[in-house]
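Trainee: Sequence:
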Amino acid sequence: MTFEELKQKANSLPLSPGVYLMRDTANKVIYVGKAKNLADRVKQYFQDSNLYSRGWKLPSLLPLIYKIDYVTTASERDALVLEEKLIKIN
262 MTFEELKQKA NSLPLSPGVY LMRDTANKVI YVGKAKNLAD RVKQYFQDSN
312 LYSRGWKLPS LLPLIYKIDY VTTASERDAL VLEEKLIKIN
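In our numbering, the protein residues as written are 262 to 351.
Hints were generated in silico from the structure; no laboratory data involved.
Any given hint might turn out to be false.
Below 30 Å or equal to it, Euclidean Cα-Cα: the simulated DSS-like pairs (lysine-lysine) are [stated by the list, open to error]:
no.: 1; residue 1: Lys349; residue 2: Lys297
no.: 2; residue 1: Lys270; residue 2: Lys346
no.: 3; residue 1: Lys270; residue 2: Lys297
no.: 4; residue 1: Lys289; residue 2: Lys328
no.: 5; residue 1: Lys346; residue 2: Lys328
Have a look at the derived ranges for each label pair, beta carbon to beta carbon [to be verified]:
no.: 6; residue 1: Arg338; residue 2: Asp301; range: 16 to 26 Å
no.: 7; residue 1: Val342; residue 2: Pro275; range: 16 to 26 Å
no.: 8; residue 1: Thr263; residue 2: Lys289; range: 26 to 36 Å
no.: 9; residue 1: Glu265; residue 2: Ser321; range: 16 to 26 Å
no.: 10; residue 1: Leu323; residue 2: Asn351; range: 32 to 42 Å
no.: 11; residue 1: Lys346; residue 2: Ser277; range: 16 to 26 Å
no.: 12; residue 1: Asn298; residue 2: Lys346; range: 29 to 39 Å
In this text, all values refer to a predicted model and were calculated from it rather than measured experimentally.
A virtual CB, placed ideally from N, CA and C, is assigned to each residue, including glycine.
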């Protein structure tokens, strides 16, 4: 996917809590994150404003991202538990 396609994908995510997985071209998970609002959280990665000045590590990963998957959860707490599990297995 191109940067613009990833940005569109981020804009189409649900507003619910959950976990997102960023994958490379080999479908390997390169980043796992949780959010109380998936759409809002993932969109932040694709905004042009001051990513580097915020001290984020993700800008160096942006060129590697090929695909974004997500899993919605019933609550933020469930997202936290799922994120921990996914980090351990990936």
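Trainee: Against this structure, judge whether each hint is valid.
Mentor: The hints, checked one at a time:
Restraint check for Lys349 and Lys297: the C-alpha separation of about 21 Å stays at or below 30 Å, so the hint holds. Pair hint Lys270 plus Lys346 holds up; C-alpha atoms about 24 Å apart against a cutoff of 30 Å. A distance of roughly 17 Å separates the Cα atoms of Lys270 and Lys297; the hinted pair therefore holds under the 30 Å criterion. For the hint pairing Lys289 with Lys328, the CA-to-CA distance comes to about 10 Å; that is within 30 Å, so the pair holds.
For the hint pairing Lys346 with Lys328, the CA-to-CA distance comes to about 20 Å; that is within 30 Å, so the pair holds. Roughly 18 Å separates the CB atoms of Arg338 and Asp301, a value that falls within the hinted 16 to 26 Å. The given range of 16 to 26 Å is respected by Val342 and Pro275, whose C-beta atoms sit roughly 19 Å from each other. For the hinted restraint 26 to 36 Å between Thr263 and Lys289, the CB-CB distance of approximately 19 Å leaves it violated.
At roughly 20 Å, the beta carbons of Glu265 and Ser321 sit within the given window of 16 to 26 Å. Checked against the hint of 32 to 42 Å, the pair Leu323 and Asn351 fails, with Cβ atoms roughly 19 Å apart. For Lys346 and Ser277, the Cβ-Cβ distance of about 18 Å falls inside the hinted range of 16 to 26 Å, so the restraint holds. Between Asn298 and Lys346 the CB atoms are about 21 Å apart, so this pair departs from the stated range of 29 to 39 Å.
In terms of the numbered hints stated before, the structure departs from hints 8, 10, 12, listed from lowest to highest.
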